[in-house]
Structure formats: C-alpha cells, structure tokens
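A.B. asks: Keeping their order, the protein sequence lines are chains A and H.
In terms of my numbering, the first sequence opens at residue 1 and continues consecutively.
In terms of my numbering, the second sequence opens at residue 1 and continues consecutively.
Keep in mind that the hints are not guaranteed to be accurate.
Note that identical chains are pooled: a pair holds if it fits in a single copy or bridges any two copies.
[Unchecked claim] Within a straight-line C-alpha distance of at most 20 Å, the following computed DMTMM-like cross-link-like pairs (lysine to aspartate or glutamate) qualify: (1) Lys33 <-> Glu61; (2) Lys3 <-> Asp130; (3) Lys33 <-> Asp9; (4) Lys75 <-> Glu47; (5) Lys33 <-> Glu47; (6) Lys33 <-> Glu53.
If you're looking for bench data, these hints aren't it; they were derived computationally from the structure.
Here's the letter readout for the chains.
Protein chains: 2
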Amino acid sequence: MLKLASETDASWAARVTQDFDEVLLDHAHCEKKAAGVALRLIFQYPEHGFLMEPLSALAREELAHFEEVLGWLSKRGLSFGRQRPSGYAGHLRKVVRAREPERLLDTLLCSALIEARSCERLGLLAAALDQPALGHFYAGLQRAEARHHGVYVELACRLAGRDAVAARLPAMAEHEAQVLAAAPVEARLHGG
Amino acid sequence: MLKLASETDASWAARVTQDFDEVLLDHAHCEKKAAGVALRLIFQYPEHGFLMEPLSALAREELAHFEEVLGWLSKRGLSFGRQRPSGYAGHLRKVVRAREPERLLDTLLCSALIEARSCERLGLLAAALDQPALGHFYAGLQRAEARHHGVYVELACRLAGRDAVAARLPAMAEHEAQVLAAAPVEARLHGG
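Work out the full structure: start from the sequences and follow the hints.
C.D. replies: Right, here's the structure in full:
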C-alpha cells in the first residue's frame, strides 16, 4: 500500500530508541516541516483549487501533531530548539523535474514518499517503545501518516492521472530508498 | 482593547460589500497569509520555545478559517486563485527594526495590529452583510481575530516585558493607521 522500495532493517528501532530524546526532537521538526511543505504548496499553486482544502486540512493535522510532540518533549523535561538540518528531503527533491506540471507531480510524490517512510518508521517505533502511552501515541501517528500518504497520491492522480502516477512513483520510490540507504547513521526519523 | 490608532470610516463596509466577491477572495488569502506568518515565526525562532504552541494553534485556526472561506467562495460559485499582492503588510513591516530582540518584538506587534485591523473590519462586514448566515460567520471570525490580537500582544510581552510593549505599540499603531490611510481604495480587507 505504501509503495516504498525498501524496508527499514528490524534493528533500526532498537538502535534509535536508545537515543529517544533525539528522535523525539527530530520528530517535532518533522511534523513542523510537513506542515510547512503543505502550506508552501498552497502558496505556490493557488490556481489548483483542488489542492487547497486537502492540503490545508493536512497542514492543520501536522501542526496538531507538532504540538503533541512538543507536549511529550516537555513531559520528558526537554526543550525544543534549533536542529542541524537533515539532508533527506533535500536529496529526495533532487529528482523533481523543472517543468510544470511534472514539477508539481514530483513534489506531491516526494511528500507521498516522505509520509510513507514516516508511517513505516513510526510503526516500528510504536512497536519498540516500552512505554505504553508513548507507543499508543506513535501507533495513532502511524495511521495518520498512512492517510497523508494516500492524500498526496490522490492529489497527484487528480493532477496528472493514475497512469502518470503509476509510471512515475516506482522510480521515485527507488530514489527515496537510495537516499535513505546513503543517509548518515543517526537518531532521526529519516536517518540511516 | 485593540489599540488601533484610527477608526475605519462607517462608509467602508457599505462600499466594499458592493464587491463582496472580491472581498471574500481577498479574505481567503488573508487567512492563508495569517497562517503563513505564524508558521514562519515557528521556523525562524525555534529557540523561543514559548512561541511554538501558541503560534501553532493560531496557524491551525487560521487554516480552518481559510477552509471555511473557501467553502463560502464555492457556495457562491467562485473559485480561489492567484491574487495581486496587497502592499499593506509589506508597508507595515518597514518599521520592523533589524536587530534582535527588537526585530521579533516588532514582528509580533505587526501581527497584533493586522489582527486588530482584521477584527475591526470583519466586525463592520458582519454588521453590513444582509445575509444572516454570512453575517454570523463574520461575527465569529471577528471574535477570533480579537483573541489572536491578544495572543500576539501576550507573546510580545513575554518576549520583551509589558513596559517595552506599552512603549512600542502606540508608535507602530500610528504607522499602521498611516499605511492604511495611504492604501489604494479597493475591495480588500486591508484596503483604503
């Protein structure tokens, strides 16, 4: 369903949960960035009316998650703050084509793949965390990310048609798998 | 309470409601931009933890209003689309000082004043509109903008203290009144 071209190694969650404070901080930034990406599309493509309501609702949901993760940080006595940028999304976007409508199609599919990878990894975290309340929170987020993946794929289909999406998504998923395989090993949601 | 330095002329609402379709399109953009401003502050100032939750919640609310205004556009058979930029916010921000923390203080106060002006004008629209459902919608938004004005003033106080805000806000309100007085006469929320 998620159309990822690689599967995260089973050892990943056990490793990163050892630095869970760092994962949580990274996760807060990821939710914030996801809202930022959706809002940027709203600003960039006002002429595509069909994008507006779904992306606005999606951005609201990402912001609600951002606030929830901030709450978890605070419960653990951690403060939010500036973070060293991750290369993941930037490398992923290197294959976005320059011309419209390919540019928007690829951008939507990048977001679909980021949501898919987040979904996979939040699910692994949900299973690996030994605190039931936190595990339950992550399981809920996993379902939300699966839904967001679907929203982006549907918007891409609405823009370019199912055939164009089916032709493009596997190549982009392959690229995403390569970007992730080359990512530095660190306690991040989209790290190696 | 709203700390504006000028009052919109009573004839304003009667005039712009004659082009209400244009006002509604402008209003949709205003809600979107308000969400964008709040989110930009979240991205720019992650080290100011106290800004994060209130601005995220505010951005979510602006996006919900954006979606509601899109609904009203759609009910009237209008489509959302690109809009000629308004000079209002840009001219307002010309007095934002360059150095921190003055820069952030002034930026928060700009937003407080934009919310205050929106509150005033949405209230005038609520009273002038002859459709009860639409008037009711605008009256609700007017209350939300008053609350948002309060959020920005409180964040400014939290950053710089009540005395610094009390010293700076009247001068910025005076500037806002001048910017608005010089704005071209058109069917916009922050037009002349």
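A.B. asks: Treating 20 Å as the Cα threshold, decide for lysine 75 and glutamate 47: within, between, both or neither.
C.D. replies: Cα proximity of lysine 75 and glutamate 47: across copies only (18 Å, versus 43 Å in one copy).
A.B. asks: Given identical chains, is lysine 3 near aspartate 130, meaning Cα to Cα at most 20 Å, within a copy, between copies, both, or neither?
C.D. replies: Cα proximity of lysine 3 and aspartate 130: none, with 29 Å in one copy and 51 Å across.
A.B. asks: Is it within, between, both, or neither for lysine 33 and glutamate 61, if the alpha carbons may be no more than 20 Å apart?
C.D. replies: both (12 Å within a copy, 18 Å between copies)
A.B. asks: Up to 20 Å between alpha-carbons, please classify lysine 33 paired with glutamate 47: within, between, both or neither.
C.D. replies: Between copies only: 16 Å across, 23 Å inside.
A.B. asks: Should lysine 33 paired with glutamate 53 be assigned to within, between, both, or neither, using CA atoms and 20 Å as the limit?
C.D. replies: both (19 Å within a copy, 15 Å between copies)
A.B. asks: Have a look at lysine 33 and aspartate 9 and pick one of within, between, both or neither, based on CA distance no larger than 20 Å.
C.D. replies: The answer is neither: 25 Å in one copy and 42 Å across copies each exceed 20 Å.
The structure is inconsistent with the numbered hints 2 and 3, although it conforms to all the rest.
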